[in-house]
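Now for the letters of each chain:
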Amino acid sequence: MSTPALSLSSSFTNSTADTLLTQADVENSHGLAFPVEPPTSEQVHTTVHTEFGHCSNEAHRRFSSHIPNTPVLHPEDRDPPYYVLLSTYVSYLILIVLGHMRDFLGKRFRAKSYKHLMPSNGYAPLNSDFDSFYTRRLKKRMEECFSQPVTGVAGRTIQILDRYSKDFNHTQTSLNTVTRALNISSYNYLGFAQARGGCADAVEEGMKIYGVSTCGSRLEGGSSDLHTMTESLVAKFVGTEDALVSSMGFATNSTYIPALVSKGCLVISDEFNHASIRFGVRSSGAQVRMFKHNDTNALEALLREAISQGQPKTHRPWKKILVIVEGIFSMEGTMIDLPTILALKDKYKFYLFVDEAHSIGGIGLHGRGIADYYAVDPRKIDVLMGTFTKSFGAAGGYIAGNKALIDRLRIRSYTGPYAEAMAPPVLTQIVASMASIMGVDNPAGTSMGSLAPSSSSSSTLQLASPEAQYHHPGPVPQGFLPAWITLPYALSSGFEGRERLRRLSFNSYYLHRGLDKLGFITYGHPCSPIVPLLIFNPGKMMMFHRMMKDRQTPIITVVVAYPATPLITSRMPTAASFAKAPSRRKEKNLSSEELKDIEQKRLKGELSCAECRRLKLRCDKKLPCSSCRRRGCESICPCGTLEAGVGTRFILASTNQLHSKISLMSSRIRALEDALAIFQASVSSERHPLLEDELLKIKFGSEVKDSEDDSVILDSQGEKSTTAGVTTSLNRSVDTTTLDAFGTLTLGEEGEMKYFGRSAGSETLILAGEKRI
Amino acid sequence: MASASSPLDTVVLTIAHSLSAVERTFYKLPGSAIIERYVRSSHQNDPGRTFLELIIFFLVVRTLLQSRTRADSNNAKNFIEFTEKEIDELVEDWVPEPLSRPLDDIEAAELAAVPVVAGPNGPHPTLVNTGKPAINLASLNFTGLANNEHIKQRALEAMRKYGVGSCGPTGFYGNFDVHIQCEKDIAEFLDTESAILYWQGFSTISSVIPAFCKRGDIIVVDRAVTLSIQKGMEISRSTIRWYDHNDLHSLEEVLQSVEKERRKRKGPLTRRFIITEGIFERDGTMTDLPKLIELKQKYKYRLILDESFSFGSVGRTGRGLTELYNVKLICSWVPVPLDYVLPVVSVLDLRMLLNTSVLMLPHMYSQLRCPRYWLLIIELH
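Chains A and B, in that order, are what the protein sequence lines are. Mapping to our numbering: the first sequence position 716 is 716, numbers consecutive. Mapping to our numbering: the second sequence position 164 is 937, numbers consecutive.
Okay, chain B solo, but in the shape it has when bound (with noise of 0.2 Å):
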């Protein structure tokens, strides 16, 4: 009987002195009478207790193991299991599409036929394609201001001081004083708070709509907006409500809808937006500005307008659609990029720009009504 016992009693006993070996470096530990009280409370005599805090210390546990970039948990249930083998023959077997198609022959004719132009953009360019002279009907310079000698002489005296790159974004000292100089101009000109310049017009737009607007958010939009602006709206991930093309009737029973929605839901306030374009690139149609401002203010919207083709070149002083309707703009923004009336090189001195120049435009916007290709450039023979 000792005989038997005693391999039990030493396995016994060797847990016994292992365990309170445990229980006594435990208590040596700092903050081991914190997590003790802990256990002991939340426990409170019952196991369910104790087993769910498990439960959350594994999940805490695995959430931490694992890797950033693993694949979605949700593809799981998805998942084959295959032997490397046959992962080598599937990859064997796997033929990509070419990355891109040769152009056919009227793409490439149509490449063919982009103008190029030699020398100098002008009303009478000569074009590198044909090496005749042509009538420029294409070129987005309204005001003709883009040869102007006067501009060309403060872009040269730029340029001597300030070099041609900035070598980097804001952040990277690349924020000059011209820059905050020509913001600030701007916001002047157009009687807003402040402004701010971005490199590139297709990007101004694209940039400003998902830093405003995010998941949850409502964009009510004109349907023949600018591509830039439906890229905008892609990456914002926003509800997107389209209203009939430069139809007011139809953006209010948008609105209204919207209303009606959210009532019905009782969700919590989001952000909403109603996007449109001063003049539409399309069909060069203009925007009812009073009322459409009337619409955002009644149902309490706030308006995001791209003034692209209407700044510079609609106004009294080219201040853009808010001067040829005489409204000012509050809880607005007006994105202007500044690269279809002004010259990209963002160090010129406006103000000089724009006192100097009388800014004027038929309304051409009426007569061009054929999309996309609204404008290309004649030939003279």
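Bound conformation, chain A alone (with noise of 0.2 Å):
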């Protein structure tokens, strides 16, 4: 089977005890070890199953990006039953009073086991305060939940150690074996965390050359050229002038926030900012104040009432006003609305911080975080942070930003003299993940060799339109990147950078949606790919985390209470990762479904049909249900749903159908050039005559062939194109001349037309529906 394609795949190839199908001591009963639909030979794989779930399926990929022009989407927050709620409040009562009773009896009659809480010996007791109440009475006896040891890569799926406690969980007991668990829980979003594959044989050679450490602080002897490339390779990615690294992603918050406000500063943060961002700003001396969670009209108040009033007592005008947000919030899975705060950036002359820690890496077209998402210029936020904990697959933080502040941070901030500077290998982690995300300019030349079709310099379609508000930096140069790196071609040319980032944008909404159409509370964007479980009952937390390790397919779950979340609402955030395979997805939905009667249900008989939801007919819940059968729309049945407004609903459906088989179609082809491109090249240096450019640009819409520019040659890496094609449409002028006969025209729901162009794909469709969500 030694299709052309295959020899796509990475570096490893010459282990077949790698390759995912050649496992055949594993025991797969549980389906994590190898997929349970085998790739097809022309798909390549260039990982390990167990870390990175492979995805055949073209029709689960997904843009996440915001439609300009279009309102900012709020889902609303869904409350529970007010039986829910009381139940909840009961129990944490009886577990406060349980738990002080016991203590007062505990202290006098059985005085020996409650020593440490008591005065002894002239030494105050150590902890004896609310916090070590509430984790002996409340979170001790679900210590099975927390902090479990694992082992391996913390990728698709993961080994725990297995325990058990004899002790009402006051002591954990190894058990000396181990469980391997579908992984919901790590922050491993884009799988970048491997320890095979392209990312770990750079970081390998990195180690080789740089060893393990640099010893030293930034300011003083700890800096090497690996830093600096790895900061201009940050600020390249998101979009700033400059950038600076640090070695902990909680101490990038906690260290640079005092550098940028002091005493006579406000810092106005959102209630639910992470404990990093508090400590920063509680050590900087600034005033803080707070406002509603994602409540731009709050802000807005809170932020007249502070330039008004000035600072307190003095009423003298502060000296500056920063203002702190998290582009997705941690635990609330919700995204700003940055264009809107960006407005009252420019009334109310604040500046701007945003924690990109879940969003970078996450979500936008390209990866590039939320100002990515929303289109907008970065360099309109005046200080962006994010962490390489996430996406990257590494560790540690960064800051970017003009150079003026940059360079400021350097010299003024405690991190630069006192704290050690980034370790060799987890920045050469950081530089092949980013780079494989952005792709590789000129990737062809050093990962290829002579096979590279030599005229493969420049591959990028820069879509230079005038109107355009965003652009975004397109594929790095080769001079940004460590000579010593060499990617394989899948991470150099972007592509399954760009395979990872439209999977996770899938995921993440599949999962907001399954979760929902099961009937559970979740919160948040439904791009977001952290998903709230609500659980609210702490009596339910433990029950349902061990419910979902023992089953068949075990799948791990974090459970999370009072105080990282506010008392009532424990909850399990789901972090969606590109690296499941829905198959998997779907199986954990559907067993959810069996855990039913411990979880919340919204409403008895949510699990009828979409469409027959939406409008509200009674559905009987067969496949296709009947209404829908009646109604013509029985393709859709039961997760689809159809455009409101007369006449349109068919012809959406419809094509909606066409635009997946035209872009399945269109991959194909892709993949046919490329293996084609690539075979040719073994035999000679010409280029295939099939492969003109004028024949490839079948795949791409007219009004890119109008835009482009003249020294824009395309090659066999065609899959440029879907980017391309996508900003195009991003920033499309709806002109008529360019109609094309595969363009699609949707109304919209004041009765607005739009037209997406082929190149927009099925895709821009699911984007025109998300305000159904």
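Source of the hints: derived by calculation from the structure; they are not laboratory data. Any given hint could turn out to be false.
What the hints assert, rightly or not - Straight-line distance between alpha carbons at most 20 Å, and here's what the computed EDC-like set of lysine to aspartate or glutamate pairs gives:
(1) K925(B) / E241(A)
(2) K345(A) / D861(B)
(3) K345(A) / E857(B)
Note that the structure is predicted; figures quoted are calculated from it, not measured.
Using the supplied hints, reconstruct the complex from the two chains, each of which is provided in its own coordinate frame.
What follows is the structure, encoded as structure tokens:
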């Protein structure tokens, strides 16, 4: 089966033990070791299935992006029934009362075991406040759910070290066995945490050259050229003038915020901001005010009050006002309304600090975070902060902004002289994973060697649209990477990075919708890779955790309660990662249904098909259901819904199908073209007659042809057009002359018409329907 | 008369009627008897008591309705009412300071002078700034283990098993078996009950201090402690008392005065801590640990000792100050950030590392007394 496409696979094809289909000794009853549906011969998988799930279905892709000039999506917070709230409060009350009673009696009758809580020998007890009470009496009861020791790679699956408790969770006894479980809890959004594959190879190379530490702080001998290179790459990735990296994500916030604000400044912070931000603000000496979570009206009211009142007592004007928000909130999954906040920024002249810990690499067409998602210029945001722990599979954090700011932070923050510099393996991992998401300009020259088609010098499709608000930086020039890094073709072409982004986006969306449909209460934006599932009752937390772990396909979950969340809303944040194949997801969802007796059921009959739900029809819950059949839309039953509006529904239903078919076909064309180009390159340096520029253009809409520069040469990397095409669709101008036979005309809710060119792909229809969610 | 009184009668009747209806409905409610009994017993023919109860009731309602994010109530008396137009004008007039001043010439020169090493760091690195090799006196790689081939090999093996990132904090399945093993090994090495690893040296001590020291606790601390300790104390909001740098007489005086104050105040027993460094980052002086422990035990303080620079560099086998002075710490903690001595990739087998090497450091701390930039790279010409 040596189809040419297989030659795309990465560097370790030589070791067959690593490839997925030869692990004969591995038990696969849970379906975690290799895919249930084996990939076909054209599909290239460069990874191990346990680390990175394969997904062959082209329909399981999606773009996460905001359509300009449409209102920002605000998913409404859904409230649980009152009896749930009441029972939750009662549970906590019982726990607290019982805990205090036990403490009271225990201190008197079993003084020996309560010694650490009482003054002894002239020492005050070390822990005696509410934190300690909470830890002992509430958290300890379900210690089983927390800090589970694991081993291996935190990829799509993870191996947990089995343990049990003989004494009501006071101590845990290890069993010396491991269980492989589906990992929906690690923040490995793009699956770059891998022990094998291109990034790991690069890290090995880096470690051989640079060692494991630079032994010093950044200002005092610990800086290396690798740091400088990483910083410029990060700046390029984020789209700002300059950036700096710091070796710990938490410390990025907690040590750099004090360098930005000081006494006489005001920090306006979202009430659900992460602890690291609070820590940083608290040590900066600036005043803090909080506003209601993600409520721009509350923010504006607060700004008006703060600016008009000035500093307390003296009424002097504030030196500066810094608004700190998170791109995607780690415990809520909500996304900020960046356009509105930027409009407020123009009016009220505050500085904006966006913590992109969860959004960088997770959302946006090119994975560049919140600015990319909303297609605004990242330079409009004063300070962009993010971490590498999540999408990049590394560690540490960065701050990006204009050069003056970053230079000042470099020499005037604590981190510069005091905290150790980031370790070289971590830096290499960042460089390799980031370059994979961006794609490397002229990748063929480096990784394909002599196999490279001669004309592939500049394959970028820079769409110079004059009215474009946001100009995404495109692939990274080779010069930004250290010379010794050689990424495999799949990574350096940016193809795999894009696939990963699109799969992450689909999985996030899928998980949101799936859990919603099952009647769970979830929070957050459908594009957010974090999906918090609300559990409420403290008693259910451990039970849920255990039932998920004891399934045939074990799923590990994290339950989070106070103090990370408000007391009442304990939850399970699920990190959607691209690495899970949707079939697993379905399984999870179906089995969660079995668990529904312990879950929040908002409505008993929630499981009618989506279209019946929308139209409030009685659904007989067959597949397809009778009402859908009657209405002629059985193809979309049970999950799809139609757009509202007279006359458009059937058109939309069928175009949806048509588009997915077209996108399937065009991706197949691309795969074939790639294969052909590579095959051709191995026999001659001439281009294959079937790969003429003119012929290649068939995959794009005509508007791309019009706007593209003459010097742009399309080579075998046809997939570049995917990105380019969508950029066009975002920057599109409704130009009737470019009407194309394959274009789509959609009718919006208010009857406004929108034209999507062929290159927009079926994804735009999902985007257009996003209001429905 | 009848005509005049009839509307009044109707009104009175209606009120009486509705009151009795309310009463009936009230008694129909479950639990109404309890409320009635409570009101009767609290009233006890004393309107003052009822009034007090009502005030409490309204306070509770007010507290419940209060927004979590509202301004402090003590600001209320300072609050000035503005009209919307005035606010708009004030907003228009307000000119904030720039977020950051651009660097001036001196600062820019300072930044440009920061040594950047090309390639791996070691005793003779090449500098990017000058392109020339230099003797490295700035590195904290005291033991020279950073580029040890054996360690590199072990690190590579670990990477091939675990990948690079743990992709989550401890609670989010970031608690790997190697972390647990490493913590155990460190505890064993230092002969303590247990140990905990932090990712960054700077945040180790600044997180440990606020975890134990809370508002109202007393911290007695050396004047010359490093910045991370100062930051940790700031966050903890404890009462801080300083003693002169490395002067144990001064420490004793402070301890005595704290004790005197406490007796005078007759307050409850609070947690008390002494925080200092083993070898001071600022000037390289060393703490007299036996004397310190004596004082700590005499005055019943807990000791937090930052061994960032002494761990792995002093003592016969590198176990730090405790080994150097041959003392055993009881009821004290020794936070040891690993970054300076050991590579920060925390998946290394520590035991292996320390058994195979002789950790020696000449008494360099006594020779180096220039503050802050105490080690610089000298260029080779």
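For each hint, the structure was consulted:
Taking the CA atoms of K925(B) and E241(A), the gap is near 35 Å; set against the 20 Å cutoff, the hint is violated. A threshold of 20 Å between alpha carbons decides the hint, and for K345(A) with D861(B) the separation of about 14 Å falls inside it, so the pair holds. For a cut-off of 20 Å, the pair hint linking K345(A) to E857(B) stands: about 18 Å separates their Cα positions.
The structure does not agree with numbered hint 1 stated previously, though it agrees with all others.
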